[in-house]
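Asks: Next come the chains, spelled out residue by residue.
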Amino acid sequence: MLASFATLLVFQCLGEGITFALKLPIPGPVVGMLLLFFALVAYPSLLDRIEATGSELLRHLSLLFVPAGVGIVAAAGQVRGHWLTVILAVAVSTLLTLAVTAAVTQAVINWQNRRIDGNKKDGEGDHA
Amino acid sequence: MRELPQFGLIWVYLAASPLLGLTLTLCAYVVAYWIYSRCKFSPLANPVAIAIALVSTVLLLSGMPYSEYFAGAQFVHFLLGPATVALAIPLARQLPRLRKSFLPLACGLLAGSATAIVSAVVLTILLGGSPQLAFSIGPKSATTPIAMGVAEKLGGLPALTAVLVISTGIFGAVAARFLFNRMRIDSPEVRGFALGVTSHGIGTARAFQVNQEMGAFAGLGMGLNGVLTAFLAPWLIPVFVGLLAR
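Residue numbers (our numbering), protein chains in the order written: chain A, 100 to 227; chain B, 8 to 253.
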């Protein structure tokens, strides 16, 4: 468990170092995630070793957002008079994003499936 | 009556050390998670929202400033870094399925990311918000550190952005099931991915509570949209603010 946690921290450090050195606009942990992903694809044995600790950490992912969320106590003053604007904009935009992402992804999957089905039928046609 | 000032003194003593903020965060989450489980893990009983409400209430009642609370809570906040890195694990597990769905996911990501940014900015300005508010709200679907970085660069308010990002996460996690059912989207892959793109880590946390497959695709959506927003938002937001705010 300790070795797995150390592995995660090492990849985070690598990510932070790279974003700093290359002045990337992306946070270090996201780069660290991409690096670990490539490492896991290259060395699948690593996956079995760190999976237990990683899953445990992800199981409590929602806890980790509580401290930043409580910031609403401090940020409340900055929205004064614009509450309705903020609530409406967040709610409507969130629903739109969910719907557009799901609809587009599903539409392309359906299109791909139809094409595969179409090819199959063409193939059957050739045999007949 | 003589007990009261003593209790006050103990509170002042404890509040000065990081211990209290940390304890408060964990206890609030344990209570919130218990409520969530009693509600049969309904998306309406989102544990992040309940825990935030509990801690905020304690802070407002006790008069403890946020900075003092955060001195303790930062230890929990810090774990967001390694947890983000750990998202590579379910992703690597789903690699074969990921390869198969590359094109649909890429199209969904591009459409979703642009929708998130543009709709938030346009709505804010049309509803009478200032450009500064639009800068703060534009990157709201990206994960907290990315969104805060983008807002800061544009001249928004990073602290406000953090709260808007978390609101987006909670609202998406609460609404997704009802919306997807209505749209007749059944595949856990598509549901998870859309939830991750829209509601970053909080959506991903919710997806993992439903099942591992949905969680893996949510983690993928969150990671990809974080990166894409970091590139898209800095030029998309000023264009739309410039067009609308006169």
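It should be emphasised that the hints constitute simulated quantities derived from the structure, not laboratory data.
For glycine and all other residues, C-beta sits at the position ideal for the given N, C-alpha and C.
Among the hints, a few may not be true.
[Stated by the list, open to error] Label pairs and their in silico Cβ distance ranges: (1) B/R104 x A/A102: 26 to 36 Å; (2) B/G135 x A/R148: 19 to 29 Å; (3) B/L21 x A/M100: 51 to 61 Å; (4) B/R106 x A/G180: 41 to 51 Å; (5) A/I117 x B/R104: 22 to 32 Å; (6) A/L183 x B/L110: 36 to 46 Å; (7) A/R158 x B/F185: 21 to 31 Å.
Asks: With reference to the structure, classify each hint as holding or not holding.
Replies: Comparing the hints with the structure gives:
Separated by about 29 Å at the C-beta atoms, B/R104 and A/A102 satisfy the suggested range of 26 to 36 Å. Separated by about 54 Å at the C-beta atoms, B/G135 and A/R148 break the suggested range of 19 to 29 Å. In this structure the supplied range 51 to 61 Å is violated for B/L21 paired with A/M100, their Cβ-Cβ distance being about 30 Å. Taking 41 to 51 Å as the suggested C-beta distance range, the pair B/R106 and A/G180 conforms, at roughly 50 Å.
Take A/I117 and B/R104: their Cβ atoms lie about 28 Å apart, and the range 22 to 32 Å holds. At about 40 Å, the CB distance of A/L183 to B/L110 agrees with the hint of 36 to 46 Å. Roughly 25 Å separates the CB atoms of A/R158 and B/F185, a value that falls within the hinted 21 to 31 Å.
When held up to the earlier numbered hints, the structure conflicts with 2, 3 and fits the remainder.
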